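Q: Sequence:
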Amino acid sequence: MDCGSTGSVCSSINIEEKRSTIKLDTIRTIENQMQKQWFDKKFFEANAPTQWIDNSNKYFVTFPYPYMNGRLHLGHTFSLSKCE
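To convert, count from 1 in the sequence shown and add 237; that's this note's numbering.
Bear in mind the hints are in silico, worked out from the structure with no lab data behind them.
Among the hints, erroneous ones may be present.
With a Cα cut of at most 30 Å, we get these calculated DSBU-like pairs of lysine-lysine [unchecked claim]:
hint, residue 1, residue 2
1, K295, K319
2, K295, K279
3, K260, K278
4, K295, K278
5, K260, K273
Quick list of simulated restraints, FRET-style, between CB atoms [what the hints assert, rightly or not]:
hint, residue 1, residue 2, range
6, K279, Y302, 25 to 33 Å
7, A283, D262, 28 to 36 Å
8, I259, G307, 41 to 49 Å
9, Y302, K260, 25 to 33 Å
As the structure is a computational prediction, the values presented were derived from the model and not from experiment.
Even for Gly, the Cβ is constructed at its ideal location relative to N, Cα and C.
Please take these sequences and the hints and turn them into a complete structure.
A: Right under this line is the structure:
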């Protein structure tokens, strides 16, 4: 590439080339290690029953992510205790 007299394009390209990717590479390495560990230990698999039981009582509970919109109180604990 010919930088000519302006040099602005070449200097910005050189800055981009000189940027270190050590942090990104470290994060990607950790992510890959954790994904392998999850896959090996089968964290995403559930032990489903082999036979369906028709008389079982099923339920589904949803609860919003906690966030601060005021003072802490025991209302959230009460709501979560209903799930159990």
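Q: Would you mind marking each hint as holding or not holding in the structure?
A: Hints, verified against the model:
no. : hint                      : result
1   : K295 <-> K319             : holds, 14 Å
2   : K295 <-> K279             : holds, 25 Å
3   : K260 <-> K278             : holds, 27 Å
4   : K295 <-> K278             : holds, 28 Å
5   : K260 <-> K273             : holds, 20 Å
6   : K279 <-> Y302: 25 to 33 Å : holds, 26 Å
7   : A283 <-> D262: 28 to 36 Å : holds, 34 Å
8   : I259 <-> G307: 41 to 49 Å : holds, 42 Å
9   : Y302 <-> K260: 25 to 33 Å : holds, 28 Å
Going through the hint list in order, the structure satisfies each hint without exception.
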